[in-house]
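Colleague: Residues per chain are reported as follows:
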Amino acid sequence: MYYAVTIATLITMALALVRALVGPTIYDRLLAANMFGTKTVLFLSVVAFLYGRPDFLDLALVYALINFIGVIAVLEFIRERVDSDVSEKSAGE
Amino acid sequence: MIIILFGVFLLTLLVITALAIVRSDSLFAAVILTGIFSLLMAANFFLLDAADVALTEAAIGAGISTVLFLGALALTGEQERGGSKKRLVALGVVTVTTLIVIYATFDKPRFGDADAPVHQHVGSWYLEKTPELIDIPNAVTAVLGSFRGYDTLGEVFVVFTAGIGVLFLLSARTARRPKDIEAGDEPDQGLRHYLVPRVVGRMLIPFIFLFGLYVQFHGDYGPGGGFQAGAIVAASVILYALLEGEGAALRALPMGVLKWLVAGGALLYGGVGVASMLLGSNFLDYSVLASDPIAGQHIGIILIELGVGITVTGVLLCVFHAFAARGRV
Amino acid sequence: MTMAIDILSWLLLTAGGAFIFIGGLGALRMPNLYTRMHAASLTDTMGAVLVLGGIMLQAGLTLATIKLAIILLFLLLTSPTASNALASAAILSGLQPKEGPVNRAGRSE
Amino acid sequence: MELLGLFYYWVFAILLMIGFYAVIAKTNLIKKLIGLSIFQAAVFLLYITMGKIDGGTAPILQDGVSLYSNPLPQVLILTAIVVGISTTALGLGIVVRIKEEYGSIEEHEIQERDRQ
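Each protein sequence line maps, in turn, to chains A, B, C and D.
Per the numbering used here, the very first residue in the first sequence carries number 1; after that it's consecutive.
Per the numbering used here, the very first residue in the second sequence carries number 1; after that it's consecutive.
Per the numbering used here, the very first residue in the third sequence carries number 1; after that it's consecutive.
Per the numbering used here, the very first residue in the fourth sequence carries number 1; after that it's consecutive.
No lab work stands behind these hints, which were simulated from the structure alone.
Think of the CB as a built atom: it goes at the ideal place given N, C-alpha and C, for glycine as much as any other residue.
Among the clues, some could well be false.
What the hints assert, rightly or not - Simulated coverage check for chain C against chain A, where a stretch passes if three residues somewhere in it have a Cβ under 8 Å from a Cβ of chain A:
(1) 13-20
(2) 57-71
As the list claims (entries may be wrong) - In silico DMTMM-like cross-links for lysine to aspartate or glutamate, where the CA-CA straight-line distance does not exceed 20 Å:
(3) 85(B) to 63(D)
(4) 32(D) to 109(D)
(5) 86(B) to 106(D)
(6) 32(D) to 106(D)
(7) 86(B) to 107(D)
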């Protein structure tokens, strides 16, 4: 059953990656990156149990925390971006 | 078996991501994809039994690395204009080399082979001797801190030197030094307009910091240690700076303190080595630090990991502030 | 008793896996950013609660369960926050959600 | 099974060369640095792959487990990741200074300005 969840997580990671590659807006990419991060957290927690070493949950914990910082950093960057990239921004409308 | 299939799947995603990073014209998109690349990398490390490495990659790759690249992008522009030069020649060289390297892999020992040459030398010796000589569960920390303490000392000084280098490069001739941002009331107040992230982020910062300390001091028993903890603690301060503005972060941890941290951690590491020399043993031989050699090893490892953590925190924060201050010229 | 817990945890894990997969599909197929965000947050909250809950039942009352609970707490805090910040950033940049029927490219019909 | 094991090494080769391509063919200096970090990641992957032992587990000693993967490559790579980010930061610092002096981070534009 762990395997089923792991496979679902892996497939969703692939789907999120496709979304990150396709875009079209930077927000889509960011959304995909964030989603990818939470899927990695789930993946790591499940695999920690698959391996029978639950003490490795620390890793998933780091991910849950650090992923947030990445998203916030990108948002801060968007707020202050120097030469705004209009083409990417409006491509999705 | 099925774990290997998971690994193969993740590796395929890794290659796709890397191709997309190189092909992408927007550097900003490339940096976001680099974040995904690092997540995939860490998941792979974890599948390959490298919990400590995965933790390091998690702490560095997804957070700090993205922040630094974005800091540089804010100063240099985010659109790639040149494209590629001499594409065909480059592609030819790359393809031929890839094929040669792939041909060479057929001579490599089988994946996961316990008799491969890599495992015949010191690796197994470390595993055997760790319970006897150092008596901590995490063999990686034992090798990092004690058996190969010289290596780690060298690495810490490389990190130290790189931090000094960035400070030299970026501190010169700025209109507004970190010191001014620290003193002046900043018009720029971080993510003021995003109320929810600010409230939640503020709530999270102490937990991230606390978790960093846990990783630091639990490194003997589980995955963790100074390098990871330094990155996590630095990440918590960077989050504070992103949410509340540069000024607030610099008032909490001024540049002067950070410079002391950078030097202090490396000095602490070296100091432990000198102390063990003064107590009549070799440089970085911790056995003499206490009456019982094993207790001495424990003290030594905790102290040098602390030194590593302090230096890494200091360097990463100095670099972050140097980039951020440059942006406000 | 252990049997019941096992069955419950497998149920939770299966449901979690299904939610994650459906959410991932939605994030790929939905027509514009805001609908995609809706699908993605489904995996981040519901999927995470179910999967981590399922593992927690398997782990029993150990340190692992506490760590899982902390992971879950942080995920439930950070992920909706990130979505919220993302949505407000997108709105502020002028990316308007569309009303009425939309085609696959995200344009109003 | 044999081929699946070799796949790890192939991915190493491909990633290495993707990074190398970015370094030699791209003109944007930041892209070159990103390429360099992909190159670096490929080497990390090779080391960790070689440290893995079938049926082994992470080298954090535990009662009742006798087979562990090799800790040595992990130690080397763990420090290399942190050193890698520091040197990347140094590289980014140099790129920022180049941008300030030359007004561009595209290689050909920088070379043109040098010729003037």
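Colleague: The structure should be examined with respect to each hint, and the outcome stated for every one.
Modeller: Status of each hint after checking the structure:
no.	hint	in the structure
1	13-20	holds (count 6)
2	57-71	holds (count 9)
3	85(B) to 63(D)	57 Å, violated
4	32(D) to 109(D)	15 Å, holds
5	86(B) to 106(D)	15 Å, holds
6	32(D) to 106(D)	10 Å, holds
7	86(B) to 107(D)	13 Å, holds
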